[in-house]
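Chemist: Under our numbering, the first residue of the sequence shown is numbered 1, with each subsequent residue one higher.
These are computed hints drawn from the structure, not numbers from a lab. Check before you lean on any hint, since a few could be wrong.
Computed Cβ-Cβ distance ranges for the label pairs, DEER-style [stated by the list, open to error]:
1) F518 with S29: 39 to 47 Å
2) I97 with G154: 45 to 53 Å
3) G276 with E319: 52 to 60 Å
4) R155 with K392: 39 to 47 Å
5) L440 with T7: 54 to 62 Å
6) K392 with E196: 40 to 48 Å
7) D423 with E319: 52 to 60 Å
8) L440 with E39: 23 to 31 Å
9) A20 with G189: 39 to 47 Å
10) G154 with D263: 23 to 31 Å
11) N439 with E39: 51 to 59 Å
12) T21 with G526: 18 to 26 Å
Cross-link-like lysine to any residue pairs, in silico, SDA-like; alpha carbons within 20 Å at most [stated by the list, open to error]:
13) K445 with P435
14) K445 with I487
15) K509 with L484
16) K502 with K531
17) K505 with L484
18) K498 with A535
19) K111 with M216
20) K434 with I487
21) K434 with T462
22) K111 with H219
23) K296 with V236
24) K221 with K134
25) K221 with S293
26) K445 with T492
27) K395 with L377
28) K531 with G278
29) K502 with P477
30) K437 with L458
31) K253 with A237
32) K498 with E476
33) K134 with F194
34) K111 with S60
35) K505 with L458
36) K62 with P372
37) K111 with L377
38) K445 with E491
39) K445 with M510
40) K287 with S299
Given the structure is predicted, the values throughout are model-derived calculations rather than measurements. Note that the Cβ used here is the ideal one computed from N, Cα and C, for glycine as well.
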Amino acid sequence: MHHASGTCPGFRRLLDLAAATNPANSTLSPWHVAIYFDEVGPGNQLKIHNKRKLWAVYYSVKQFGGYELDIVNGLKGGLSHLFLRCLQIFQRLETGITLQFNDCIKVCCFKIGILIADEQAIKLCLECKGASGKMCCFRCQTTIQARYAPTPIGRLILHTEHDVSKLVLHSDRSVWQIVDHLATQAGHGTKKAFSELEVRLGWNHVPNGVLLDQDMRAHFKPISHVSYDWMHVYLVAGIFHKEISALLDLMSKHGIRQSALHDWCSHFVWPHLHGGQGCSAKDVFRKKRDSDSEFKCASSEALGIYPVIRSFFQNMNMENIGHDMRLGINSFYCLCEVLDSLKHAATGSIAVAAIYGTDSYVPKHHFSVHLPSLMELHGMLISCFVHERRHKITKRFANMQHSGHESMDRSVLREVVTTHIFDLQTDEDDSAWKPAKPNLVEAWKNHLGLPFLTHALLVAATSNRCHMDDMVAVTEPRCIAQVLFHIRYGETRVTLVKCFEKTGKNTFKMNPHDNELFVSTSCLQGAVVYKRLDAESILVAPQSFYTA
1 MHHASGTCPG FRRLLDLAAA TNPANSTLSP WHVAIYFDEV GPGNQLKIHN
51 KRKLWAVYYS VKQFGGYELD IVNGLKGGLS HLFLRCLQIF QRLETGITLQ
101 FNDCIKVCCF KIGILIADEQ AIKLCLECKG ASGKMCCFRC QTTIQARYAP
151 TPIGRLILHT EHDVSKLVLH SDRSVWQIVD HLATQAGHGT KKAFSELEVR
201 LGWNHVPNGV LLDQDMRAHF KPISHVSYDW MHVYLVAGIF HKEISALLDL
251 MSKHGIRQSA LHDWCSHFVW PHLHGGQGCS AKDVFRKKRD SDSEFKCASS
301 EALGIYPVIR SFFQNMNMEN IGHDMRLGIN SFYCLCEVLD SLKHAATGSI
351 AVAAIYGTDS YVPKHHFSVH LPSLMELHGM LISCFVHERR HKITKRFANM
401 QHSGHESMDR SVLREVVTTH IFDLQTDEDD SAWKPAKPNL VEAWKNHLGL
451 PFLTHALLVA ATSNRCHMDD MVAVTEPRCI AQVLFHIRYG ETRVTLVKCF
501 EKTGKNTFKM NPHDNELFVS TSCLQGAVVY KRLDAESILV APQSFYTA
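Whenever a hint applies, use it, and build me the whole structure from the sequences.
Modeler: So, in structure tokens, the structure goes:
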């Protein structure tokens, strides 16, 4: 961070923005380090036994909105031991480091704030039993998987329970009491009896792990600092895929073919940022799904396709639709609301239980129940989309390494860090802007009534994540518009757009008169997904920032 702050203008701007609302100039008001752990699998993923693995440790700062890899299996405490070593490094930031802001040098203090990871990484870092164990949730004391207890027994709560008030939650203290108890029982009695005790409690005994390190308990707390990643819960073989699988089965029973859904999706256009007309999300329903298989798609495809699926049902003729199909559609709408606003992350579960029963419940359904309280605890729900994309950089260099020695880890880490620093030094915002052509300069002067320009007039195809020809939602004036190009004049940024008039629910038509105007670029909420109805009319898929 010290090096990046001194060499990367973009990183300094990020520091300035964070410092404006979150001063971090003393040990009394430290910023929070957000840590992300995940496994990266380089090499051929189609091999039956692909033993090449990397554990990537990314970190950022919560206020901003690879370590030893091949030796993990050789550590006595496994990944939990590695995680402890990483935390000890981050702990040094509590005394502060000097960072170069745009206007000054400051000493900034940091403390461990949050660990964000998928369920498998949390399981290995904390050495809890995880989703494959009887006690599937590290945040609950008595939640048991339904397959081990078809009906609640005593204090045990099934993982299909969505009423948070019925859950018996862990605290940091209760987790430490369990691991301390396991430590006192280790070595006494038979291995089988001790293993059964670990299963009943839902935790493993790891002498060199992070939870038994007494010094680290003041800095890292297993319940206060660890969070489920909503992206993995919903969009990585998660709740979204379970819901769509059940919905497709229901559609088949009512004579609604999957091909109809594919035809609907294939005519939509996604924003340029997501691939435009070539976006892979439009093809997720191309291959017919077997009745006994799960629906599959990438997390980014799921995030891009659900607004279009919602528009499919909104425009469906509901006259001859059965009651159970209506309930299934309403259940999907609940899921869309969850994805639109993750602070209501448990909303969809009730509808799922009512329509499809609890047999389709997986531990991720239970994990989603905890998301609202995690948002309240941390003030935000951080997702791992950005970190997952960074895996591509790690794989790029790891794929070329085959030695498996410690030098490989150093080489991969060096290349990844160097690439990351280079990306931070490259100011993409400036590189996107080009000098305007003379005729546009004259038109701009006439538009503002200026005899001459005091700043260079620059144009760009992309700004504020909206690209030329994208359809965007505009806040002022409130409308749907097509982006023509972006202009920067000094500190002023405007976008020339072509406005569309609303003609019905989510339908818009180009205004043939006076439809081009300049709007502030900051008024562009985001690019929308749409399909053309004819040469002048479009249908927009409702999204989180745009609703009919």
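Chemist: Give a verdict on every hint.
Modeler: Outcome of the hint check:
no., hint, result
1, F518 with S29: 39 to 47 Å, "42 Å, holds"
2, I97 with G154: 45 to 53 Å, "51 Å, holds"
3, G276 with E319: 52 to 60 Å, "36 Å, violated"
4, R155 with K392: 39 to 47 Å, "46 Å, holds"
5, L440 with T7: 54 to 62 Å, "35 Å, violated"
6, K392 with E196: 40 to 48 Å, "43 Å, holds"
7, D423 with E319: 52 to 60 Å, "54 Å, holds"
8, L440 with E39: 23 to 31 Å, "50 Å, violated"
9, A20 with G189: 39 to 47 Å, "59 Å, violated"
10, G154 with D263: 23 to 31 Å, "53 Å, violated"
11, N439 with E39: 51 to 59 Å, "55 Å, holds"
12, T21 with G526: 18 to 26 Å, "23 Å, holds"
13, K445 with P435, "15 Å, holds"
14, K445 with I487, "13 Å, holds"
15, K509 with L484, "17 Å, holds"
16, K502 with K531, "15 Å, holds"
17, K505 with L484, "25 Å, violated"
18, K498 with A535, "14 Å, holds"
19, K111 with M216, "12 Å, holds"
20, K434 with I487, "10 Å, holds"
21, K434 with T462, "11 Å, holds"
22, K111 with H219, "8 Å, holds"
23, K296 with V236, "9 Å, holds"
24, K221 with K134, "23 Å, violated"
25, K221 with S293, "39 Å, violated"
26, K445 with T492, "14 Å, holds"
27, K395 with L377, "34 Å, violated"
28, K531 with G278, "13 Å, holds"
29, K502 with P477, "13 Å, holds"
30, K437 with L458, "9 Å, holds"
31, K253 with A237, "24 Å, violated"
32, K498 with E476, "13 Å, holds"
33, K134 with F194, "16 Å, holds"
34, K111 with S60, "12 Å, holds"
35, K505 with L458, "37 Å, violated"
36, K62 with P372, "18 Å, holds"
37, K111 with L377, "16 Å, holds"
38, K445 with E491, "16 Å, holds"
39, K445 with M510, "28 Å, violated"
40, K287 with S299, "18 Å, holds"
Hints 3, 5, 8, 9, 10, 17, 24, 25, 27, 31, 35, 39 from the earlier list are contradicted by this structure; the remaining hints agree with it.
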